[in-house]
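First to last, the protein sequences are chains E and W.
Under the numbering used here, the first residue of the first sequence is numbered 665, with each subsequent residue one higher.
Under the numbering used here, the first residue of the second sequence is numbered 665, with each subsequent residue one higher.
I should point out that these hints are in silico values taken from the structure, not numbers from a laboratory.
Treat each hint with caution, since some may be false.
For chains that are exact copies, the list does not tell them apart, and a pair is met inside one copy or across any two.
Said to hold, decoys possible - Capping the alpha-carbon separation at 27 Å, the derived lysine-lysine pairs in DSSO-like fashion look like this:
(1) K784 <-> K1007
(2) K1007 <-> K892
(3) K1008 <-> K829
(4) K712 <-> K723
(5) K723 <-> K689
(6) K723 <-> K947
2 protein chains.
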Amino acid sequence: MTKLRYTFADRTERMRASIIREILKIASRPGVISFAGGLPAPETFPLKQFERAMRQALKIDGTRALQYGVTEGHAGLKEFLCGWYAKQGLPARPSELLFSHGSQQGLDLVAKIFLNPGDKILVEDPTYLGAIQCFNSYQPRYVTVPIDEHGMRPEDVEKALSKNKVKFIYVVPTFQNPAGTSMSLERRKALIAAARRHGIPIIEDDPYGLLRFRGTPLPSLYQLAGGKGVVYMSTFSKLLSPGIRLGTLMAEPTVMQQLIYAKQASDLQNNTLIQYAVYHYCKNGDLDRHLPKIIAAYKKRAAIMMDAIRRHFPHAVRCVEPEGGMFVWCELPKKLKASDVFKKAIKQNVAFVDGSVFFANGGGENTMRLNFTNSTDASIHTGIARLGAVIKQEMIRVGAV
Amino acid sequence: MTKLRYTFADRTERMRASIIREILKIASRPGVISFAGGLPAPETFPLKQFERAMRQALKIDGTRALQYGVTEGHAGLKEFLCGWYAKQGLPARPSELLFSHGSQQGLDLVAKIFLNPGDKILVEDPTYLGAIQCFNSYQPRYVTVPIDEHGMRPEDVEKALSKNKVKFIYVVPTFQNPAGTSMSLERRKALIAAARRHGIPIIEDDPYGLLRFRGTPLPSLYQLAGGKGVVYMSTFSKLLSPGIRLGTLMAEPTVMQQLIYAKQASDLQNNTLIQYAVYHYCKNGDLDRHLPKIIAAYKKRAAIMMDAIRRHFPHAVRCVEPEGGMFVWCELPKKLKASDVFKKAIKQNVAFVDGSVFFANGGGENTMRLNFTNSTDASIHTGIARLGAVIKQEMIRVGAV
């Protein structure tokens, strides 16, 4: 008898526990003030409105809402969303829209249809950790391009694309996760032009685009490119609820066809009931009615965090003031390691994410990501004050003062 | 400027539209009597009970039910289910149970952690089409073993495993999809012994196991193996609703850890709200209360279909009378092609699935799968009568009488 030794696929070598999800377990301990997660503020969830929509789905649509549905998704909801996206300037047709089980599955479907092991993909440095983790299971190599406060510099992108055969460009252009920055209009245009010159598709991840609380709105890459050569990903996670796992993908027909095949193979279809409920939620007018409330809440919290940072962090810590989204990104003095700060902060019951996890090829050891949406005003004050004290101690310890 | 030509991954060559999902589109035309789908009877959905559970989730758990949750799944629901599975004789611990977005995602996660391109997997011939489609995106080779009315013959399994280095064995032992048959107890034991001799894990897909309306219950492979060396997949799709996309995976710790990583990378977590609602549904006692109703309904429909078949099909068509599940499997005389029968039947507004799609390496052109759960009693009569007439005509046409 051969002893059973499970032999896993090669791809599992690069599949590890999500560091953020592990941090979240620590951060969810009672008493911990957590700036770690990317969790929206639960008190902004439109509970009453969603309850009503769910009741409508079960009353009006009944058993249809519990049955299998087509992979392509609820036709009425798709039609509504296309109209809604069109008002934002996005070219959208129901046949070019697909639902995913949250944005994370959108990333997985994109990776599934595009990536062979060893393929190169261009990503911002830093970039969204969930994307790195998802892509890792498809064994790509990363070509990283650093970002400044206006995104990737066109000359850096051009250089990277000239030197590397890249399969696609993955980018979070608005209120970037983790850096909170937005790509300027000029650079958006330049990025599209560069992608076209090299014949490479862009994957645009836009979970926060509508959560702007200051500054001028910027068109999405998908809008600027007229829907050509760009796969656009959005989600209801930050507009309604992340627990309902409803993401959207937009792509031109050639790509959409492959995405649908990949979706069928991966999980057949999105949750039918949720699609019906969100349909009623949208039709009731709650999507537009609710958005300003989230924005107002996040604007206030971002201001409180920035205020607390100015008061409690040493000047040597450089933080990016966000215009939207959910995060403040901080650079510590070069000598400091965020991982050391984390160890001491967690003893003071404060958690955040060590920014180095967002660098696909390493680096960024002196960076931190702070989430401001999922803490009360008071705990933002307390948490930032404690974190400031820890950083000051660390600066003294390593001689960075 | 390079013209953008999307270059897809090699795996997409084997990713095609689900034939069944395409048939379902035809079959959903008004007036068509469809035996094609694997859709449960919507009138057996526990709508009222699920409505109550959903109301409880939103009232009692409130915003928590809309927030992100842990990848591992709702602790209370997992605990309940482990108790429930234990009553069925299955060894189950909450740490060895994971939720998937329907059974289809369970298959995808299993394939993701085990399969390198070119790996061989052993499957029954015929086997579940959704599994073939899911596995295809991981580019395996299939080693097929034919089944008779008691499943795969041990000597065939042994021969296949001796001749081939197999990564895992995928099997639907109870009320097999498509063939409706169940593997006998002796063959279950022999399969486990063979897998152990060769050091190979078994993936046991059991969506219908509890839907038995005649005969003696059989233990699952997972139960017989004491949970060792078997990944067990089940689903709420056939017990409650397929639209809510709630599947379960059970596996020992080494495998479970990899499945959790794969789940995080694929879509972070299952729907939080659905987990809370199903938790209340279970706690209210509705899971056990509802099951007999489904079984009674399916028993009646299976009997009606078998009765109609005996009345309207030529004797030369051999059909397997099911003891549970959702399907009747028929073999036409060798000279007939189910695809020809399909073309003529659909003109008479009757649809079914050409059985050849269930053969991973081809074959079975003279087989058909008939679903009896999603048609009314009257339409089963009418549909089978029309189908019988078409088969008779085809037999005359090809000289099979």
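| message | Output the indices of the hints that this structure fails to meet, ascending. | response | 1, 2, 3
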